[in-house]
Structures are given as C-alpha cells and as structure tokens.
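Mind docking these for me? Both chains are given alone in their own frames, and the hints should help you get the complex.
Sequence lines, in order, name chains H and B.
All letters in the first sequence, in the order written, are residues 738 to 885 by our numbering.
All letters in the second sequence, in the order written, are residues 22 to 82 by our numbering.
Treat the hints with care, since some could be wrong.
Claimed, not checked - Short, incomplete list of chain H residues facing chain B, as computed with Cβ under 10 Å:
| id | residue |
| --- | --- |
| 1 | V746 |
| 2 | W863 |
| 3 | M865 |
| 4 | L867 |
| 5 | S868 |
| 6 | K878 |
To be verified - Part of the chain B face toward chain H, derived, beta carbon under 8 Å:
| id | residue |
| --- | --- |
| 7 | V30 |
| 8 | T31 |
| 9 | Y32 |
| 10 | R34 |
These are calculated hints, taken from the structure and not from any lab test.
Bear in mind the structure is a predicted one, so any value in this text is a computation, not a measurement.
Glycine is no exception: its CB is placed at the ideal position from the N, C-alpha and C atoms.
Residues per chain are reported as follows:
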Amino acid sequence: MAGDKFVYVTYIRTTQQTLFDALTKPEFTRQYWFGISMKSDWTVGASWQMNYPDGTVTDTGNVVEIDPPRRLVLRWRNAFKPELKAEGYSRASFTLEPLGETVKLTVLHEIDKTDSQFIKAVSNGWPMILSSLKSALETGKPLERPPS
Amino acid sequence: MNSERHVYVTYIRTTPEKLWHALTDADFTMRHWDRRHVSDWKIGSRHVLNAIRGVSRHGRR
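Isolated chain B, as found in the complex (with noise of 0.2 Å):
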C-alpha cells in the first residue's frame, strides 16, 4: 500500500469529557488552534477550520 501517515501520542491530565470539548468547540480551539473548528459534529456532517478574519493563517499577532 503506497500511503503516508503521522501518528503522534500524548498524555494530560484532564477528563475526556474536557478534551472532548477542547478539540470540538470552535471557541476553545480559537484559544489553542487559532482556528474555530465548526461543525454539528454528526456522522457524515462537513467539518471547517475557520481563520477569523484578520488573522493570519500563521497565528495571531
């Protein structure tokens, strides 16, 4: 099979419940992402990675 993939491995003392959150609400991944991370989050549901206007892709300054 010709494909390419990164898998990466972490730990932190949190609650899935939290971490849940901080991947799937487009306020909280402003904060760590600088990106809102929009959906309804239901199978098949499209998924975007907002830049909030103004900012740049490469990080707020």
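Bound conformation, chain H alone (with noise of 0.2 Å):
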C-alpha cells in the first residue's frame, strides 16, 4: 500500500495508567500539549476533538481501538489547515509497554497517500509534543513551546 508514516517512540519514567490518562484527559493535555484540549467519551466509534485554548479546533476524528491502559487507536484529521484537511483521515496508534521502572511509548502516525503534507507536519509536531509530556511526567514541568 502506497503511504506514509511518522513512527516515534520514547521512554517515560511513569506508569501506563498515568501516561494513559495524560494522552487522553484534557486537563492533562492541556499542560504538555501547548494548551491544546483532547476531548473525547473515549469509547469505540466516539468522536474526539483538539482544540486551542480560544476554542479553534485544530483536529478531529474517531476512535476506532481503545485498550485502556495499553492502546489507543485514532482516526484523525486536520481541522484548521486547508491543504491538510485536503488529504483527508489518517491513523494515529498509541502503544503503552511497561518497561522495568519505564513505559515504551509507541506512537505510529499513517495516511494513505505518499509525500503526505500532514505526515510532514505532525513529523515536526509530535517530537516536541512528546518531548514535553516525557518532560511534565517525569520533572512535574512541562516543556514551553518554542519559538517556531
């Protein structure tokens, strides 16, 4: 199949509930993800929404697999940026692996459609993103966004 992806995994010093609840309340978002709410009934089917803290709605989708605490499969697609929106849905999969005193954090970022424009964006995002919630779970202070 012809497409695209964005693969990140990182180490966290936490515990799968913790770092499970921080990916998917948006109270928890709001700390690492530069202010961004998470919102969803986070059951299968159910609609999830992002958005800014001045209410814009940045991406919407599905959840098409939801294992707490271990995996969160999302549908999901860009609200906001016209040629991102343009390439339609793509596939976000978060994998939680307990590792001795850590969790192996997995997420895998896919769309059907090579050179994807959004693969290219949240490439850019997610490092930081996940930079920034390693940093909040485990020193208390998430990472403030820098300058772009």
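Below you can see the structure in the form of structure tokens.
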C-alpha cells in the first residue's frame, strides 16, 4: 500500500495508567500540549476533537480502538489548515508497554498517501509534544513552546 | 542511492553546553549510556565506546 508514516518511540519514567490519562484527559493534555485540549468520551466509534484555548478546533476524528491503559487508535484529520485537511483521514496509534521503571510509548501516525504534507507536519509536531509530555511526567514541568 | 538511516528528534530542557558535555564526557556517558565515550574530540580523532570490565554489554546489574 502506498502511504506515508511517522514513527516515534520514547521511554518515560511513569506508569501505563498515568501515561494513558495524560494522552486522553484534557486537563492533562492542556499542560504539555501547549494549551491544546483533547476531548472525547473515549468509546469505540466516539468522535474526538482537539481545541486551542481560544476554541479553534485543530483536529478531529473517531476512536477506532481503545484498550486502557495499553492501546489507543484514532482516525485523525486536520481541521484548520486547508492543505492538510484536504489529505483526508490519517490513523494514529499509541501503544504503551511497561518496561522496568518506564513505559515504552510508540506513536505511529500513517496515511494512505505518499509524500503527505500532513505526515510532514506531524513529524515536526510529535517530537516536541512527546518531549514535553516526557518532561511533564518525569519532572512535573512541561516544556515551553519554542519560538517557531 | 542504496542506504539506510535513522533519525530521532528530542527536545531537552537544558543548555547546549550541558548536553554537549553529556555526549562527550566519559564519566557522564557512563551514567546514561553504560559506556565511557572516549576521545580527544578533534577532527580525525578516534572515538571509542568502552564498556568497563565486568559490565555486561546490555547494562550494569
């Protein structure tokens, strides 16, 4: 299948449940995701959306698979940049595996399109967001958004 | 071109000087890498990753 993808692996000193909550509860996502709230009722088929603090919807989709606190798969589409929205739905999977005192988090974001601008954008975004998540869980302090 | 590569990006709350030290100071690399990363850090110089005697390749027990 022709497509494009981004894979990121990081090890975070935390528990599976804490990490799962950090990915799915808006009061947590706001802290490390530079103000973005991730909202859903987190059942299979349910819609989800991400908002900036001013209410702008940035991305939307549906829950494809959810197995707390081990795995989450989301149908995912950008909502506010026309060139990214035009590429349609992508799929993001989050896999959480306990490993000693850490949890191995694997994020796989893929789309059925080659040379995807959307994948290029998330390839730039995920390392910053996931580094901030790791810092927040390990030190209690997320990263500040760097000047762009 | 036939080749392979790995790219990884991470953001660390630190300074460039501290991060450089963490990558190039042999005592510091023992802490996060379980290896002494030894070189005089000049262009053309050899660099060596040493596991200390009695320490397994896969980490200290």
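Structure-based check of each hint:
For V746(H), the interface hint holds, since its Cβ comes within 10 Å of a Cβ in chain B; the closest pair sits about 8 Å apart. Because the beta carbon of W863(H) sits about 9 Å from the nearest beta carbon in chain B, less than 10 Å, this interface hint is met. Restraint check, M865(H) versus chain B: the minimum CB separation of about 6 Å is within 10 Å; hint holds. Residue-level restraint check for L867(H) holds (minimum Cβ-Cβ distance to chain B is 8 Å; threshold 10 Å).
Interface hint at S868(H): satisfied, since its Cβ lies 4 Å from the closest Cβ of chain B, which is below the 10 Å cut-off. Restraint check, K878(H) versus chain B: the minimum CB separation of about 8 Å is within 10 Å; hint holds. Look at V30(B): its Cβ gets to within about 4 Å of chain H, closer than 8 Å, so that hint holds up. Satisfaction of the interface hint for T31(B) is found here, the shortest Cβ-Cβ separation to chain H being roughly 5 Å, below the 8 Å cut-off.
Because the smallest distance between the Cβ of Y32(B) and any Cβ of chain H comes to about 4 Å, under 8 Å, the interface hint for this residue holds. Checking R34(B) against chain H: minimum C-beta separation of about 6 Å stays under 8 Å; hint holds.
Consistency with the previously given hints is maintained throughout, with no hint failing.
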